[in-house]
Amino acid sequence: MLNIRNLHAYYGKSHVLHGVNLEVGAGEIVALLGRNGSGRSTTAKAVMGLVECEGSVEWKGQQIVGRKAYEVAHLGLGYVPENRDIFPTLTVHQNLMLGQKGKGKGSRWGFDDMYAMFPRLKERQHTEAGVLSGGEQQMLTLCRTLMGDPDLIIIDEPTEGLAPKIVELVAEYLQKLKARGISVLLIEQKLTIAMSISDRVLVMGHGSIVFEGTPEQLKADPAVRKEWLEV
Amino acid sequence: MKARSSRFARTAIWGGFALLLVIAPMLFSSGLALTVLSQMGIAIIACLSYNMLFGQGGMLSFGHAVYTGLGSFMAIHALNRVTEGALQMPVSLIPLVGGVAGLGFAVLFGYVTTRKAGTTFAMITLGLGELVFALALMIPEFFGGEGGVSGNRMAGQPFMGITFGPQIQVYYLIAVYTFVCVAAMYAFTHTPLGRMLNAVRDNPERVEFVGYDTQKVRYFAFIIAGFFAGISGGLAALNFEIVTAEVVGAARSGAYLLFTFLGGATFFFGPIIGGVLMVLAFVLLSELTKAWLLYLGLIFLFMVIYAPGGIASLIMMNLRVAAFGRLRELLWRYLALFATGSLMLLGAAAVIEMVYHLQLSTTLGDELRFLGLTLHARGMASWAGALAATAVGFGLFEFVRRGFVRHWGAIQEDIENRLQQRSAA
Amino acid sequence: MEFFIISMLNGLSYGLLLFMLSSGLTLIFSMMGVLNFAHASFYMLGAYVGYSVAQFVGFWPALLIAPVVVGLLGAAFERQCLRKVHKFGHVPELLVTFGLSYVIVEIVQLVWGRIAVEFRPPEVLRGPVFTLINHSIDGMRLVWGSAPAELCSAADAAVRVVCSPFPATRGFMMLVAVVMLLSVWLLLTRTRIGLVIQAALTHPEAVESLGHNVPRVFMLVFGAGSALAGLAGVIGGSTFLTEPAMAATVGSVIFVVVVVGGMGSLSGAFVASLLIGVIQTFAVAFEYSLLTLLEQLGMPLSDALRNNSYIKLTLSQVAPILPYLFLVLILIFRPRGLLGKREG
Amino acid sequence: GETVKMVRIDPLTGLLGPVGVSQFKGYQFFAEKFSGKGNPAGVKFEITSIDNKLSPAESLNALKAAIDQGARYIIQGNGSSVALALADAVEKHNARNPGKEVLYLNDSAVDPDLTNSKCSYWHFRFDADTSMKMEAMSSFIAKRPDIKKVYLLNQNYSHGHQVVKFAKETLGRKRPDIQIVGEDLHPLAQTRDFAPYIAKIKASGADTVITGNWGSDLSLLIKAANENGFNGNFFTYYAGVTGTPTALGTNGAGRVYQIAYNHYNMGGQMDKWMKEFNQKYNDDFYTGSTIRIFEMLGAAMAKAKSTDPVKVAAALEGLEVKSFNGEVQMRKTDHQLQQPLYMSVWQKADAKYPYSPEKTGMTLAPVAEYPNYVSSTPTSCQMKRP
Amino acid sequence: MSAGTPTTPALELRDLRKRFGKTEIIRGVNLAVNAGERVAIIGPNGAGKSTLFNLISGRFAPTSGEVLLNGQRIDGKRPFEINRAGLSRSFQITNIFPKLSVFENLRCGVLWSLGYRYSFLKFLSRLHDANERAEQLLRMIHLERKRDVLAMNLTYAEQRALEIGITIAGGADVVLLDEPTAGMSKSETARFIDLIKEVTVGKTLLTVEHDMGVVFGLADRIAVVVYGEVLAFDTPDAVRANARVQEAYLGSHVADAQGAGH
Ligand SMILES: Nc1ncnc2c1ncn2[C@@H]1O[C@H](COP(=O)(O)OP(=O)(O)OP(=O)(O)O)[C@@H](O)[C@H]1O
Ligand SMILES: Nc1ncnc2c1ncn2[C@@H]1O[C@H](COP(=O)(O)OP(=O)(O)OP(=O)(O)O)[C@@H](O)[C@H]1O
Ligand SMILES: CC(C)C[C@H](N)C(=O)O
Ligand SMILES: [Mg+2]
Ligand SMILES: [Mg+2]
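Residue numbers (the working numbering), protein chains in the order written: chain C, 1 to 231; chain W, 1001 to 1425; chain G, 2001 to 2344; chain Y, 3001 to 3386; chain U, 4001 to 4262.
Hints are supplied without guarantee of correctness; some may be wrong.
Result set (DSS-like, lysine-lysine): computed pairs, CA atoms no more than 27 Å apart in a straight line [stated by the list, open to error]:
| no. | chain 1 | residue 1 | chain 2 | residue 2 |
| --- | --- | --- | --- | --- |
| 1 | Y | Lys-3168 | G | Lys-2312 |
| 2 | U | Lys-4077 | W | Lys-1216 |
| 3 | U | Lys-4099 | G | Lys-2084 |
| 4 | U | Lys-4022 | W | Lys-1216 |
| 5 | Y | Lys-3305 | G | Lys-2312 |
| 6 | C | Lys-122 | U | Lys-4077 |
| 7 | Y | Lys-3348 | Y | Lys-3037 |
| 8 | G | Lys-2084 | C | Lys-68 |
Away from chain Y, derived, C-beta distances all over 12 Å, residues of chain W [stated by the list, open to error]:
| no. | residue |
| --- | --- |
| 9 | Ser-1092 |
| 10 | Ala-1117 |
| 11 | Val-1247 |
| 12 | Ala-1384 |
| 13 | His-1407 |
These aren't lab readings, by the way, just hints derived from the structure by calculation.
By construction, the Cβ of each residue, glycine as well, lies at the ideal position given by its N, Cα and C atoms.
Please build the complete structure, drawing on both the sequences and the hints.
This is the structure in structure tokens:
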């Protein structure tokens, strides 16, 4: 479905991605691991057209490099940015509302699904999102993107700052998404959940993919873990 | 070693500044030049004091003229008391009266305004400004109504032959004040309060968590700025010998903002450039062309969009390039830019001038002189020429600019890299 | 009595004109967080463009065309200038509009000259809407349009008759303002635009990746706001005076309105506009001063005090400062304004 | 002969700009007429103008600039506020720069102080000051029993203040029965909407308004009066000044009066000039003092056989010339021109009084004339002569 | 509470409550932290941990209850007053002076504590004690090489370090850290814990964390906050054993959460 070939990305003059190649198939969960600064978030941004980049990004067969973010989004790609980009001055409900495309008709998801998923949000649906706790904000960003009914969703460190219990919850829900035929590109720090739920894992280092395989293969390959994940 | 060289540099700069102030009137000695120089001193102090709020404190004030202006009024009244003999005081100290007044009113109004920051602060200052201005026409006893208050600076006994009658004597008085005030305000930026003021600008919330009361920091800075503003007002009173309501008006406040920004609010010396520009614009440019406000507005727009750091930042960038010894290779590009640019501007300006002429001074006939060349506002030739110049100029300029941008970018990249290596090494 | 009615109407109509202006300003501020210093300049542009267009196609078409033109200019400005500095934050944005206000005044003088132009309302609006006739015997009555001369003059000197016509221009002004209020209110409540922009202020990237074309919305809003100012300009200009200083004269007052009403609160702006309009109109009418007050209270006053010019100041004399006094007081005691939600 | 460089410092922009612009045309027109053979001294008059935006402070900068340009004759008129500042500045300049003296010729600023408490040797006024104009106006009102309730509406600056002062003083003397039912001062050249004031005037039941307003402050006042149905009398100084005739239109007929040293139908040479002026600039000429400035300067320079301001000033003192409104004399004691005044009324232009300003079809027709001995008023000036 | 501490606690909360609108977020928290103790606060998202910090540090005033710092009431005081009283905090979202150099950032943190207040008559360069202290801090947080770099140009980890630096600069003896390692990779986290340990020796430390590795590695005692109440306040082992904590917060795989830790 998503097919990235030889992607290069730049922040101003600093060259951050050096030819990234990766695919995500339909209904697949792919984990993208790597250290801080290895370029995972940048990859996500590049796909969404939020950083200047060269190379090829094909989505459902059509080239989307250089498209504006809102165009990409309308093609059915969802993106959950890292560090909790909620809209602080809007209420929780309004935040979700902005997630909808148009009037939100024919979407697989409605407000109720979201509130069912995270009751905490329902409790606070009329408070300003800015005052939500770190974790609540994290949940909100995820839901907001789902409201747009994407076919593939790129999630950047969703479990950051979440209590272990919630982390498990999120893991469950990602699998539920998969069950509904939604593909997931999961950018993670915590090996544990990545290993437990993903079909394939990619490891990124210095702006390119340095390992690709199943969780098992990664487990079996201490060298890679040692070099690219731990210190 | 390093310390000594930097101390040497400092003395050199300040010495140079002093020297400049002293010899300036000898270089330009015409009556007009003297007027201009005197006003520059005044404007420099005003803009620097404004930048204490704007640049260093992040307080966008739309009412700074209140403090310069009220300073002026207090000073002129003091001057008149001296003339009547009701007050014993050398004229040379009158500006301090202005300063104290500015400080006093800053204490008063600042208490209200500095309780808020950001947009609210801007709005209150705007309101206070308008308020004082409206009051001016309401209390003729103090503000002198439409006519304003005039005074005579040849008051009291002359001190060793200094009567302050001739403009040159006034200039040197202003020069002295300018030097002292600039030095004092520079010193301020290197004091605890000065530094915390920057901190408050950048992140007020955190300041509260390192033990400082942001309101107090803003308030004290505001008061100090008020003092210097008042001094500049006092000098203005002596210089013009008349003070009318417009000195507290919004237009004046706007001018401070505008030129402080143009000069460059992010560097200490920016506002000095701003002050100089302000006078050049108000006195010379306005003499030169009726369209001066238009040019001013356009320049300002252009700067905000393309060089938000003001002229000062442009200078610093080039200095940096120079420091890495790469300015020379840009020289000819600059020349080209200048040549093509001025061709374009000349053409455009000529067009504007002719339109203005047609619009505003038809009674004076079709001829108008513009930078030495004579244009016929209804003459085909003039228009064709002007438009052609504009078009050609623009084309060439754009071409040159592209090259310049590329080259500039390359240089910056190179410098960045070298810096990287340094910090790595 | 008729004095009160007429003054009240004058006050309201002036207030509503202020509202026409502040509504656009509020729209832009509440949505984009930009304090548009050039707003009053767009008002002036509206007047002048309206004037010129009216020369060719008459007043009514001008009433539509001028706002559109101004709106387009506003949008263009947003696209070419405002958008470029958006990333630097609010102060540069504010400064850009500040600079623009200078440029517009000059361009106006360049195109239309430095002295007022004769922008007359259409025939239908020249007369009065209605006339109040106050007859010292038959009492007060109202006739639509202008009252025939015989009604306004009495046979014998004993009876006193006063005719007070209310100009149609002002009536029209009130009408348009109300319509405008409704439409803006609808725009804000019936659409999601407001939310999108608010969100985009802090997290443009996030909003875009949710599929909203942020730049376009910004441009539309700014254009719409300017258009409103333009409309106000056509009406204000033809009712009062079309001259290069007209921007400066309303400029600071509408800021007062917006702040007093509560930054970004439309209803607040509405209330504040009327309040200030009425206050200013009536203030002119009242000769009360501290002095009169003290005398009413029957205080013994020394002659020195009587001649003290401060307490002799009458309300009508201090009228000009009232709005600003109001502003400062509000900001001190209720910084979020009359109906504002958050602090500006 | 030699050229006399003159600079006029006046507002050419803002609400009162139109007045200054029109008046400046007058100066260019007559500078031409009076140059060379036009004057006994045979000098060439050369006049330029600087915009002071009606601000005293600006005016002083303008004065500096004018002197830098080498002008020794400064002309100003619009705004007594400016006039007072200018007189003071000229006094100072002349004291500090002996040998570089300049003269200040005042064509319309009518605050009496300029020739009384604040009189200056270097200042000459060619208009008639408010004390004179009010003397005449009150004498006229004295003969109008139908006038019972008067409202005073004026601009809030020295000129306006003086109008109020002298209106009260003279009416009190000549018509103690008249009741001043109201009194207002509004900011100079800032009011756009006079409706509130009109409402107030009507409420006061006044049958007559006396105002020294000029330019937009008068035309907007009258526009508002028409819109809001006030139909009492207006006694004005400047009904003839740019913009006001249009505002008056036809419905001011018979209700609007002007007191001045001239009117639109002076006859003789003046008519020819006005016609010519009108054709040349498609504008109306009303600031007659312009003419007398050139007449008297010419005469004085001939008398002094020099264009040196000091000598010319001396020659101007007490000088008499025959002008369009008869014998006029520059009184030695206070430099106030002594001259006859006319009360004129706004009415349809007809065969007798044909001149119609701003194509209104109306005109100002004289209804009373006040010769020098009537209009003349005493002065308290103690002139300091060099 | 761990047995017998005669001295007055460094920080004590007495029945502390906070409501926002209708919802009560902090519902009567009692807590006593002894001088020199390292306490970690854990709990589900939205439990009220950051709010608790905000109440203690004066960002919000409590609805009711008391906060005592070395026996002195500080509740309801303004942040700067509390800071002067000797309590300092860091933020969950990095909160530094972006346009000032690293050195200046630290010096700003130092100035008040050395009594320079709002002085505008002394030159900073002459304030030797302040400068030395700043330099020393610079070394403590290992940023000597970035001394004159603008704070906004630091990497994320470096900014977090600076954040801590500013927090301890004033020499406060009670330090609150809100999720100090948020957004850091395992490796960085590990290094960072050591840093925190170094710079807070002898100080009373209160920290919010989700990373169990960090919590167990750092804390002498752990307070578990759930729905605005203290569910448990005890030694790490005791807490880990506590069944209610298990289901309320840790969940099952806490074991391997640690595993990943060390
Ligand atoms: N806005 C930016 N400007 C310049 N450089 C950036 C910017 N954002 C990230 N970088 C740099 O790009 C590189 C990759 O950043 P990225 O955010 O993709 O890393 P990451 O893999 O997401 O790590 P993490 O999210 O855990 O910090 C890093 O070296 C980072 O310093
Ligand atoms: N100013 C406020 N107004 C209303 N509710 C608030 C406010 N601040 C916090 N809250 C609510 O209080 C609860 C606790 O928030 P807090 O930030 O303390 O949680 P937390 O324990 O820090 O969670 P996390 O570990 O996710 O950061 C949250 O539900 C939050 O929505
Ligand atoms: C031009 C004149 C109307 C000026 C007015 N007479 C004044 O004294 O201010
Ligand atoms: Mg990332
Ligand atoms: Mg938290």
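Original post:
Which of the stated hints cannot be reconciled with the structure, identified by number in ascending sequence?
Top reply: Violated hints (numbers, rising): 4, 5, 6, 7, 11; every other hint is consistent with the structure.
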